[in-house]
Every structure is written in C-alpha cells, then in structure tokens.
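Asks: Offset between the sequence shown (1-based) and the numbering used here: plus 39.
No lab work stands behind these hints: they were computed from the structure.
The C-beta atom is built at its ideal place from N, Cα and C for all residues, glycine as well.
Fair warning: there could be bad hints in the mix.
Beta-carbon label-pair distances, calculated as ranges [stated by the list, open to error]:
hint, residue 1, residue 2, range
1, Glu222, Lys170, 27 to 35 Å
2, Asp210, Ala186, 28 to 36 Å
3, Arg195, Gly243, 19 to 27 Å
4, Arg164, Gly97, 17 to 25 Å
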Amino acid sequence: MATSRRNAVFVGVAWVAALGLYTADGLRLTAGLPSRTDDERSDTRQADPAQMVFIPAGEFLMGTTSEEVQRLAKQYDVHPSVFASETPRRMVYVKAFWIDRYPVTNGQYQKFVDATGHRPPPAWRGRTCPKGLEDHPVVTVNWHDAAAYARWAGKRLPTEEEWEKAARGTDGRLYPWGDEWIEGACWPDDGSSPQIGLRTMPVGACPA
Numbered sequence: 040m041a042t043s044r045r046n047a048v049f050v051g052v053a054w055v056a057a058l059g060l061y062t063a064d065g066l067r068l069t070a071g072l073p074s075r076t077d078d079e080r081s082d083t084r085q086a087d088p089a090q091m092v093f094i095p096a097g098e099f100l101m102g103t104t105s106e107e108v109q110r111l112a113k114q115y116d117v118h119p120s121v122f123a124s125e126t127p128r129r130m131v132y133v134k135a136f137w138i139d140r141y142p143v144t145n146g147q148y149q150k151f152v153d154a155t156g157h158r159p160p161p162a163w164r165g166r167t168c169p170k171g172l173e174d175h176p177v178v179t180v181n182w183h184d185a186a187a188y189a190r191w192a193g194k195r196l197p198t199e200e201e202w203e204k205a206a207r208g209t210d211g212r213l214y215p216w217g218d219e220w221i222e223g224a225c226w227p228d229d230g231s232s233p234q235i236g237l238r239t240m241p242v243g244a245c246p247a
C-alpha cells in the first residue's frame with residue numbers, strides 16, 4: 040500500500056515514523072541520555088532505566104546511496120532532492136547512550152506544562168491535552184518545546200546519529216525490522232485527521 044507507506048519511508052531513516060522519534064518538524068518527541076564514558080556506562084539518575092533502551096558504543100551504517108535515492112523518489116513520486124540530505128552512505132561511530140523506549144505521551148507532556156507553565160501544543164485546546172489521548176504521543180511540538188521538555192526530564196534530545204542508530208541498528212536496514220515493509224508494524228501518518236492532519240495511536244500499540 041504505497042499511500043500508507045509514503046510518509047513512513049524516508050530513505051534510510053524510515054525509523055523516524057516507525058518509532059515515533061522526535062523529528063525536525065516537531066511531530067514526535069523522545070529524549071535520551073548521553074553516555075558519560077566510552078565504556079558503555081551512562082548516568083541514569085534522572086531516568087527510569089525500565090523505560091529506556093541502552094545503545095552500545097560502536098559504528099553503524101548511516102544514510103543511503105544515490106541509487107537508493109533515485110529508486111525511492113521514483114517509487115513514491117517525489118523529487119530526489121527530498122532525500123538529498125541522506126547521502127552518502129557511510130560508517131559513523133557513536134558513543135554509548137540511553138534513549139526512551141517510547142515516544143513522550145500527552146500525559147507526560149501535560150505534567151511538564153503544568154510544572155513549568157510552558158506553552159501547550161497547538162493541537163491541544165487550552166492547556167489540557169485531549170481527553171482520552173493521554174497515552175498517545177504528543178504532537179505538533181517544535182524543536183524548542185522538545186528541548187525544554189528534555190531538560191525538564193533530566194535528559195536531552197538525541198543527535199541525528201543517535202536517532203538513526205537506535206532505530207535502524209548497525210546494518211543499514213531500511214526499516215527497524217528489516218528491508219521489507221510489514222503492514223501493522225508501525226502507524227504511518229496518512230493525513231486523515233481533520234484537526235491537525237495526522238492521527239496517533241496509544242504509545243506501544245505497534246511492535247516497532
């Protein structure tokens with residue numbers, strides 16, 4: 040189903056939509072902790088390790104090839120420039136770090152808004168998250184909002200390299216689970232929501 044897959048695929052970084060990590064346009068938010076040393080140890084005093092995943096130090100295959108860019112541009116009927124920033128494919132070393140297992144929920148973000156007086160997301164009505172969506176990922180936050188939440192939580196936003204390694208693994212796969220699309224493995228944005236142009240599902244509802 041090319042329509043449902045289109046927004047879940049971003050060349051070598053399909054993990055962005057599949058895992059719900061924070062993106063530059065503020066549609067998803069997760070936070071991580073940096074490693075303090077190279078021997079795969081990290082300070083987790085501000086975080087619950089049960090809700091985070093440890094990513095060991097080491098190299099991983101990041102980005103994509105020009106050939107893959109051309110193939111995907113043709114497959115999804117977009118200009119190749121859409122994927123230009125994802126080239127070239129290269130090996131990148133990343134220090135060990137921790138990253139949230141799930142996206143930040145509306146309920147978690149509500150606590151941040153209440154505690155700090157920070158502005159709520161535009162998708163909310165007033166200063167309260169939509170009723171019944173407390174366990175859904177917070178959306179329509181920008182980079183500054185996300186960074187402020189991460190600081191409040193005692194964490195930080197992951198770097199692009201950390202981001203990609205956490206969800207993609209080390210072998211250059213297209214999706215978190217491999218190179219073939221699996222229906223139901225994630226919840227791609229199909230633009231069906233009349234309010235803000237996207238839909239969400241409860242955090243943890245998809246295996247990815």
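Asks: Take the hints in turn and mark each one as holding or not.
Replies: Results of checking the hints against the structure:
1. Between Glu222 and Lys170 the CB atoms are about 30 Å apart, so this pair conforms to the stated range of 27 to 35 Å.
2. For Asp210 paired with Ala186, a C-beta distance near 30 Å keeps the hint of 28 to 36 Å intact.
3. In this structure the supplied range 19 to 27 Å holds for Arg195 paired with Gly243, their Cβ-Cβ distance being about 23 Å.
4. At roughly 45 Å, the beta-carbon separation of Arg164 and Gly97 lies outside the given 17 to 25 Å, and the hint is violated.
In summary, the one numbered hint that this structure violates is 4.
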